[in-house]
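**Q** Sequence:
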Amino acid sequence: MSGFEFGRNPEDIKGDVTRGAPTLIVLPDLRQRGSQGLDAEARLEEAQGLALAIGLDVVDSFALPIRAVRPATLFGEGQVDKIGVACEQSGAELVVVDGALSAIQQRNLESKLSRKVIDRTGLILEIFGERAATAEGRLQVELAHLDYQAGRLVRSWTHLERQRGGFGFLGGPGETQIEADRRLIRDRMARIRRELEQVRRTRSLHRERRQRAPWPVIALVGYTNAGKSTLFNRLTGADVMAEDLLFATLDPTMRAIRLPAVDKAILSDTVGFISDLPTQLVAAFRATLEEVTAADIIVHVRDVANPASAEQKREVEAILADLGVNAEDGPQVPIIEAWNKIDLLPPDERALRDDLIGQGVPDVPAVPISAVNGEGVDVLVERLGIVLTGEARTLDLTVPMADGQKLAWLHAHGEVLSERVSEDAAGLPASRLRVRLTPRELGRFYSL
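So for the sequence shown, this note's numbering puts the first residue at 1; every next one is plus one.
The reader is advised that the hints may include incorrect statements.
Each pair of labels, with its calculated beta carbon distance range [said to hold, decoys possible]: (1) Glu195 / Ala408: 39 to 47 Å; (2) Ser447 / Ala42: 20 to 28 Å; (3) Glu45 / Ser418: 53 to 61 Å; (4) Thr394 / Ala42: 25 to 33 Å; (5) Ala310 / Thr236: 25 to 33 Å; (6) Gln405 / Arg200: 56 to 64 Å; (7) Gly91 / Glu45: 18 to 26 Å; (8) Leu344 / Arg186: 41 to 49 Å; (9) Lys82 / Ala310: 30 to 38 Å; (10) Thr394 / Glu423: 41 to 49 Å; (11) Glu195 / Glu419: 32 to 40 Å; (12) Lys264 / Gly151: 43 to 51 Å; (13) Leu323 / Gly55: 26 to 34 Å.
Computed cross-link-like contacts, BS3-like style, restricted to lysine-lysine with a CA-CA straight-line distance of at most 30 Å [as the list claims (entries may be wrong)]: (14) Lys264 / Lys406; (15) Lys112 / Lys82; (16) Lys116 / Lys82.
Because the hints were derived from the structure by calculation, they are not lab data. From the three backbone atoms N, C-alpha and C, an ideal C-beta is built for every residue, glycine too.
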């Protein structure tokens with residue numbers, strides 16, 4: 001893979017992979033005995049989905065068991081020969097290794113196979129580079145790409161080994177071009193981090209403003225292609241891109257929705273998770289993913305029609321734990337599982353899953369839905385309203401009729417059960433209300 005050309009526009013990062021190129025996918029099966037990750041077949045299918053998401057033409061794919069990692073090529077010599085033969089037979093011009101490759105392994109494989117080779121991280125970065133639509137998203141992708149490429153300026157970039165000397169007898173040998181490029185990349189990454197820190201502060205201010213407002217936040221999370229954006233569109237009437245592709249949407253989107261006994265809530269659609277998500281992306285997108293940690297409810301959208309649904313659930317829970325969701329020393333966020341794509345299940349399997357609904361998240365049963373046809377979505381909406389108002393208490397309040405702001409607030413954000421006009425202790429007209437409010441709403445009411 002050619003080195004990152006410093007100074008390119010972030011939008012041009014995606015240009016490293018030729019769309020439509022005949023592609024061979026090779027999975028290095030490094031799983032240890034007892035591992036609970038995706039099996040080889042499911043991982044190959046996922047890798048094919050990643051390749052299709054970037055417009056590659058997958059002509060062949062297979063897994064190769066790795067008993068001992070070869071520092072030079074990852075694969076054994078015979079396995080490299082097998083990959084070469086497969087490339088010749090299938091006409092593949094690009095080889096995708098569904099695992100992590102060091103810079104030297106990537107260069108050696110390209111030399112032996114006479115073809116371009118990228119690893120899983122490079123492929124996901126290509127997808128993110130193409131899909132990022134906002135300025136923030138492009139900054140996050142560029143930071144991740146620079147971080148990834150910074151480690152590939154070692155030995156694989158032989159054309160950068162020339163030196164730039166100084167002038168006069170005090171000049172010395174100067175710095176090599178590779179050192180200069182490293183410095184340029186570090187400087188650019190520092191600038192991007194400063195810009196993203198400003199984004200993080202802005203998001204933090206927005207969250208504080210939402211917390212002062214009476215609107216709860218509901219975050220949709222889940223494995224990529226689980227149907228989050230389709231459900232988001234169903235609930236909000238929005239037109240967020242929703243296709244049968246991995247990472248169809250990257251940039252977070254928020255819309256207002258109405259729920260039973262809740263006048264208004266904010267629904268947030270987040271980036272999909274995936275197994276072995278590159279650490280560079282987790283770090284770069286942390287500002288975006290912080291929206292999940294500040295949510296009042298998390299809806300975990302699961303693709304129950306996928307045979308690897310249980311493994312995908314574990315991956316999502318691991319990433320949520322890494323973000324600090326429901327940590328021992330932090331606030332506990334209720335999680336509702338939405339078992340999506342039930343319309344794709346055969347009748348017998350669907351009946352079995354209906355019987356297992358009670359085995360969802362403890363105290364918050366799962367809700368089977370189809371975001372495509374709307375089946376079960378009304379039940380999910382009702383469940384969200386119950387969870388949001390579950391701690392609500394019925395209170396008797398007296399508000400002076402002259403205080404129109406508080407009266408309007410109670411009608412807009414509480415459930416007014418009864419109201420009558422009388423006089424207060426000073427003999428002035430007042431409204432006596434019986435209203436249901438959550439502790440959070442009550443605190444906001446008293447702060448008015």
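**Q** Give a verdict on every hint.
**A** Now the hints, each set against the structure:
no.: 1; hint: Glu195 / Ala408: 39 to 47 Å; in the structure: holds (40 Å)
no.: 2; hint: Ser447 / Ala42: 20 to 28 Å; in the structure: violated (50 Å)
no.: 3; hint: Glu45 / Ser418: 53 to 61 Å; in the structure: holds (58 Å)
no.: 4; hint: Thr394 / Ala42: 25 to 33 Å; in the structure: violated (50 Å)
no.: 5; hint: Ala310 / Thr236: 25 to 33 Å; in the structure: holds (29 Å)
no.: 6; hint: Gln405 / Arg200: 56 to 64 Å; in the structure: violated (33 Å)
no.: 7; hint: Gly91 / Glu45: 18 to 26 Å; in the structure: holds (22 Å)
no.: 8; hint: Leu344 / Arg186: 41 to 49 Å; in the structure: holds (48 Å)
no.: 9; hint: Lys82 / Ala310: 30 to 38 Å; in the structure: holds (32 Å)
no.: 10; hint: Thr394 / Glu423: 41 to 49 Å; in the structure: violated (23 Å)
no.: 11; hint: Glu195 / Glu419: 32 to 40 Å; in the structure: violated (51 Å)
no.: 12; hint: Lys264 / Gly151: 43 to 51 Å; in the structure: holds (46 Å)
no.: 13; hint: Leu323 / Gly55: 26 to 34 Å; in the structure: holds (31 Å)
no.: 14; hint: Lys264 / Lys406; in the structure: holds (17 Å)
no.: 15; hint: Lys112 / Lys82; in the structure: holds (12 Å)
no.: 16; hint: Lys116 / Lys82; in the structure: holds (16 Å)
Hint violations for this structure: numbers 2, 4, 6, 10, 11, all remaining hints satisfied.
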